[in-house]
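Protein chains: 2
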Amino acid sequence: MMSHPLRMPLRAAALAALVSLAGCQASPPDALRGTGDLGVVVERATGSLALVDTGDRAILERIEGLGDLSHASVKFSRDARYAFVFGRDGGLTKVDLLRGEIAARVMQSGNSIGGAVSQDGSLVAVANYEPGGVRVFDSETLAPVADIPATWEDARGRRQRAKVVGLVDAPGNRFVYSLFEAGEIHLLDMSGATPAVTRFPDIGAQPYDALIDPTGRYYLAGLFGEDGLALLDLWHPEAGVRRILPDYGRGERRLPVYKMPHLEGWTLAGGRAWLPAVGRHEVLVADADDWSLVDRVPVHGQPIFVMSRPDERQLWVNFAHPDNDVVQVIDTETREVVRTLSPGEAVLHMEFTPRGEHVWVSARDSDRITVYDTHTFEALAELDSESPSGIFFTDRAHRIGL
Amino acid sequence: MMSHPLRMPLRAAALAALVSLAGCQASPPDALRGTGDLGVVVERATGSLALVDTGDRAILERIEGLGDLSHASVKFSRDARYAFVFGRDGGLTKVDLLRGEIAARVMQSGNSIGGAVSQDGSLVAVANYEPGGVRVFDSETLAPVADIPATWEDARGRRQRAKVVGLVDAPGNRFVYSLFEAGEIHLLDMSGATPAVTRFPDIGAQPYDALIDPTGRYYLAGLFGEDGLALLDLWHPEAGVRRILPDYGRGERRLPVYKMPHLEGWTLAGGRAWLPAVGRHEVLVADADDWSLVDRVPVHGQPIFVMSRPDERQLWVNFAHPDNDVVQVIDTETREVVRTLSPGEAVLHMEFTPRGEHVWVSARDSDRITVYDTHTFEALAELDSESPSGIFFTDRAHRIGL
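Heads up: the sequence lines are chains A and B, in that order. Take the first sequence: its position 261, counting from 1, is numbered 261 in the UniProt record's numbering, and each next residue is one higher. Take the second sequence: its position 134, counting from 1, is numbered 134 in the UniProt record's numbering, and each next residue is one higher.
What you were told as hints is all true, and nothing was included just to trick you.
Footprint (simulated), chain B over chain A, 3 or more residues, beta carbon under 8 Å: (1) 215-221; (2) 392-399.
Between beta-carbon pairs, the in silico distance windows are: (3) ASP287(A) / VAL294(B): 13 to 23 Å; (4) ALA288(A) / GLU226(B): 31 to 41 Å; (5) THR194(A) / ASP373(B): 13 to 23 Å; (6) ASP202(B) / ASP331(A): 22 to 32 Å; (7) ALA58(A) / ASP89(B): 31 to 41 Å; (8) HIS236(B) / ALA320(A): 29 to 39 Å; (9) ASP384(B) / ASP202(A): 51 to 61 Å; (10) GLY271(B) / ARG242(A): 17 to 27 Å.
Footprint (simulated), chain B over chain A, 3 or more residues, beta carbon under 8 Å: (11) 171-178; (12) 310-319; (13) 351-357.
Honestly, the hints are just simulated from the structure, not real lab data. Owing to the predicted nature of the structure, the values given are computational and were not obtained by experimental measurement. Glycine residues also receive a C-beta, built at the ideal position from the N, C-alpha and C atoms.
Based on the sequences and whatever the hints tell you, model everything.
Written as structure tokens, this is what we have:
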């Protein structure tokens, strides 16, 4: 029987509509947006990443499926569109901030801590505990590019693999990292046709973390097994590694390694390095030229992160348990505490907006992120977030070592 | 007559397709992009803005209709999506980098030079020659927010309006600028309900340009009518303005004002200020703490821009006519010229990628932009561009004073 004459046009119309829509995604006028005012917050308990807008002071959406985020860190792609999330479980996830979804993901080791993006943006390197080494991936596809074992010879001459810690990017498409058990620093040059590693042995006992200064010149590794820090001047690698701040680490009592202040908690501002003391309720001040200790600022508790407002006029400091419900603000000129704030319980991290007008503070046990005006100290917004920890804004894409 | 049974389905299908497409913009998978790797190049002769991708090293498209771009400057919106173009003819144009088109435009004065975006991104201020003053606009809509005349009293007690030069943004949602005929610096605070202006009179004769350091603390104005520069410490405005580098300006012969080195040609790197000498073929080196002159580096010609690679290890320098077909590279540690390059004729500007792996150089009279690898000095790309002048990358959105 011939189809009813009215049904055929409708069916054809529906088919045509489907054919058109298949090649066409609805793009309302505000679908486009800049990436410069975006950021992410790691939400540990739910294993999610909250995507935030720092201009609107709002959470836009959440991305799930990132695995174990209990010690996750984040770096950004060169165009600021993607976040690379490094999970403790060895997961490397590339998150599209514009689509709010996972773009790529690899489980690239058994146990991992941190990573970095190369200077030119083409590579992502991951620091692995197990197996010990560095894996380098294409930042576009996450296809493997290089696998650099962190090998060393122990006292009995056996080749071992060490846990890699303190991985940072350095100018010249290089990466610098440390080997915990080996007491070595390695410099990986990815700028040529073949990866090239330069080893710096005997730099000190058990480097547990590291940082690179904002110009990418000085690599500083904290030592768990002895006092002081190891310094490598990347402008003069031929000069080797030297020890600085020889008394650093001498606290009232030894801290376990997981309580040692992380080097990301250091900051350089006003020609000085500002850093958490070990086992003392102080922020230490060192001369950034010769690394001599110049002052100690008494603070509320054991400092964890000492972070500089971008204009270097203030430092914001959070503290370890049981004093971790407080944040203090230090004036870099007077070196005095000018404000004490209560953002909530278990303050884990702070992040300044790129030009510093606001700071975002996570309070894990209050399930809250507070946004402060850094001039007036007014709390401008409080955002609900389950167990928030690390906060990362996209301007990090443009900064060496971040 | 009844329509042919086959024609009706086709017509209905076509209608349905049109209806679908009307509510739907084609958005191919790669329509979304980050804004962190974008930039613009001012093309004077054609009055156009070339939109560039620094990762692909390519010109994406050109935007026209920006009026007189002979002395245009560019600032970026907080989210890095828009460029604000300040034209000499008083035009203020907001350009959408994602759509490649003008989003808004106002002719806001008769004659203008430069502008800035407020720290929090909400305001755009424009420095006007005629009538002399600063106009502030909402950065979203370009709706007028404030009109601040640059008034002063001359020697005969008459109120006059002066040309405004050297306008910069400063922390706290403030702007700083200078009044050419008046010899004054003004500090405009836009953080409160009402704009508030603080005047600093008698700062020196004929400030013609200015800069603010990367922390937004020191405002430096160059003086055309006498030697030396005027310095305002924004952390201590109560201390007033003082004179620094008292011999600066003493060249072999006086230069006309349009040949005076612009303060944007200064850079701070490695604890030093590096600046073009006046009327001498030298880059001067000053201590950034006390502003004492510490060294002079002999170079190819009269320097115009002295720009630091982001890691502060190199300075790239271009020169005034007739030596403007050369760029030299200075090592900041040895203070020696390590390279001399020939990017073309009339090299007007240079811009480093955010982490410094490349630098883009415009050669106006060769109609060319050259992209160099800053480590190897290899010319990686040459792009055709008609009379290119200023080059600006979006990471400036995140940096105080830029």
